[in-house]
Amino acid sequence: MAESASKGQDFESVLSDSATEVAEFEDDRQGFVYKFQNLLHQNPAIVPLIVLVAAIVIFGALLGNKFFSPFALTLILQQVQIVGIVAAAQSLVILTAGIDLSVGAIMVLSSVVMGQFTFRYGLPPAVSVMCGLACGTFFGFVNGWLVAKVKLPPFIVTLGMWQIVLATNFLYSANETIRSQDIAEKAALLQIFGYKFKFYGAVFTVGAIFMVLLVLVLAYVLRQTSWGRHVYAVGDDPEAAELSGVQVSRILISVYMLSGLICAFAGWALIGRLGSVSPTAGQLANIESITAVVIGGISLFGGRGSILGTLFGALIVGVFTLGLRLLGTDPQWTFLLIGVLIIAAVAVDQWIRKVSV
Amino acid sequence: MEPILKARNLVKRFGRVTALDGADFDLLPGEILSVIGDNGAGKSVMIKALSGALQVDSGDMFLEGNAFHFHSPIDARAAGIETVYQTLAMSPALSIADNMFMGRELRRPGLRGRLLRQLDRRAMEKFSREKLTELGLLTIQNINQAVETLSGGQRQGIAVARAAAFGSKVIILDEPTAALGVKESRRVLELIADVKSRGISIVLISHNMPHVFEISDRIHIHRLGKRLTVIKPDEFSMSDAVAFMTGAKRPEQEMAA
Chain A
1 MAESASKGQD
11 FESVLSDSAT
21 EVAEFEDDRQ
31 GFVYKFQNLL
41 HQNPAIVPLI
51 VLVAAIVIFG
61 ALLGNKFFSP
71 FALTLILQQV
81 QIVGIVAAAQ
91 SLVILTAGID
101 LSVGAIMVLS
111 SVVMGQFTFR
121 YGLPPAVSVM
131 CGLACGTFFG
141 FVNGWLVAKV
151 KLPPFIVTLG
161 MWQIVLATNF
171 LYSANETIRS
181 QDIAEKAALL
191 QIFGYKFKFY
201 GAVFTVGAIF
211 MVLLVLVLAY
221 VLRQTSWGRH
231 VYAVGDDPEA
241 AELSGVQVSR
251 ILISVYMLSG
261 LICAFAGWAL
271 IGRLGSVSPT
281 AGQLANIESI
291 TAVVIGGISL
301 FGGRGSILGT
311 LFGALIVGVF
321 TLGLRLLGTD
331 PQWTFLLIGV
341 LIIAAVAVDQ
351 WIRKVSV
Chain B
1001 MEPILKARNL
1011 VKRFGRVTAL
1021 DGADFDLLPG
1031 EILSVIGDNG
1041 AGKSVMIKAL
1051 SGALQVDSGD
1061 MFLEGNAFHF
1071 HSPIDARAAG
1081 IETVYQTLAM
1091 SPALSIADNM
1101 FMGRELRRPG
1111 LRGRLLRQLD
1121 RRAMEKFSRE
1131 KLTELGLLTI
1141 QNINQAVETL
1151 SGGQRQGIAV
1161 ARAAAFGSKV
1171 IILDEPTAAL
1181 GVKESRRVLE
1191 LIADVKSRGI
1201 SIVLISHNMP
1211 HVFEISDRIH
1221 IHRLGKRLTV
1231 IKPDEFSMSD
1241 AVAFMTGAKR
1251 PEQEMAA
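These protein sequence lines are chains A and B, in that order.
Residue numbers are given in our numbering: position 267 of the first sequence equals residue 267, and the series is strictly consecutive.
Residue numbers are given in our numbering: position 18 of the second sequence equals residue 1018, and the series is strictly consecutive.
Since the hints were made in silico from the structure, they are not lab data.
By construction, the Cβ of each residue, glycine as well, lies at the ideal position given by its N, Cα and C atoms.
One or more hints might be untrue.
Said to hold, decoys possible - If you want the ones that stay clear, here's a sample from chain A, every Cβ over 10 Å from chain B, calculated:
1) N43
2) L166
3) Q224
4) L274
Said to hold, decoys possible - If you want the footprint, here are the derived chain B segments under chain A, 3+ residues with CB under 8 Å:
5) 1084-1090
6) 1099-1110
7) 1125-1131
Go ahead and model the full structure; you've got the sequences and the hints to work with.
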């Protein structure tokens, strides 16, 4: 090295005396706001968690035991289970800087496939469930393939797929509802997500537990496995990810397939929640899932946010809905407040990001 | 001597624009070859073809005498060619360690790695920290910092450290010192010399003539989509090289060396 250094330019000769310790800085910005902003930057799920806790405390103070009972709090879990599961699928897609408008339609079609395969063709319920899950995964694959290989914008692909899947759903089901009693009698497996555990007044359904477990598993996968890191990298900057050795199209297709599969599970949970199989159910799942994701602090531009935030986002919506209903207000107040929350969530997201710029 | 990396008659067109017009390329084992040329001469396109980031329309490429055709940078990396791109190819929201190991993450030993596919974060952080210290990037305080919180020079340093850590046969550096300070540039040049002493061949693309002349064994001059000539830095002056690459002067024998 000495030889090459001697060939260097004159002004470089003083380099040999330069400092060698790792730089350390006294951070004089010790204010609470600054620390808080930094904390939020590192843990993006904290904002929705704070809002969730605050909402529970406020409604608890206003409503007392009517709201603060194990029954009411677990009722919220039951009410958000479908949206929560679908929002988990939506989070994955949004982390890759995409959006999936077909989640609701895939969910309903999958539930219809599970029901009709059992009752129209007489297949064993377990086989029908498999077919329903495969159906959701298939449509997810088509979405992913169009986005990754044909390079169409996710918004357009899933907007089209939403219509296609929904129409398929109505054509195939002939708009027929399968009644709850029939399912309970002949194919109880389809309703398994509605099965309830009672525990000191708290009521947990299989669906609610599934939602929480699903989010925890996805949180682990996104943080602790290379597939998860690649999902973030693809959402952050797909070209950089490709150059640094991520198989971008494979990741995208796998994300949309997983999203379709999770939506099919949501369809299964939907049968448990409603009791029946209805092709007209779940029409708001798209918008509600995107709402949960945004309130949960996941950036619509991709690559940032935590799936735990999505769970908190879904729960916030549930707390507001139940709390305001128990207060006896007009349901429109719920929508109004959720609108405010969406805008506030994005504003907070922008503020947090200032730490990095 | 048989070149370790060789290309013949590469052609690449983007619509009406011809970026490579029958370009040749030779990198000898264990040497530092600089590639210089005006903006738009096609240096970056040639480098991208060699590193698998884009596919040429025609032409042949050989690594250690064997013809190859890379479909993606992953193929090139698997073959032992690492590239530091001008754009650096980093994910800004992810940490330094995440970026260093992007696409080749380490899994935890035992069941947690095999079954749960859990990453070995501690090992990746330790390795990244060592590599950055080797490169003298001491102003990086936290290996878990998001890359977006770093300065441009620090980012470049990390990209260089990544290539140096994993390259086994050839390392290609596209403008590695463009955003670096005096001290950091010097470190990168020392690192390049150090990597060379380990027997790895290096391709350096740079506009910095003093650096090019100081460190190169040979200089490939690229002009109008092809190789104009290859010179030795001790036989020509910097102004000769600039005259060749801008077309002010023609080399005596085309295709020297």
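Results for each hint:
1. With a closest Cβ-Cβ approach of about 13 Å to chain B, A/N43 is found to remain outside the 10 Å limit, as its non-interface label requires.
2. Remark: the non-interface label on A/L166 is consistent with the geometry, its nearest Cβ contact in chain B lying 35 Å away (cut-off 10 Å).
3. For A/Q224, the condition that its CB be more than 10 Å from all CB atoms of chain B is violated, with the nearest at approximately 5 Å.
4. No Cβ of chain B approaches the Cβ of A/L274 within 10 Å, the least distance being about 35 Å, so the stated non-interface status holds.
5. Look at the stretch 1084-1090 of chain B against chain A: 5 of its residues bring a Cβ nearer than 8 Å to a Cβ of that chain, three or more, so the hint holds.
6. Beta-carbon proximity to chain A at under 8 Å applies to 6 residues in the stretch 1099-1110 of chain B; the threshold of 3 is reached and the given coverage holds.
7. With a cut-off of 8 Å between beta carbons, the stretch 1125-1131 of chain B has 0 residues touching chain A; three or more are needed, and the interface restraint is violated.
In terms of the numbered hints stated before, the structure departs from hints 3 and 7, listed from lowest to highest.
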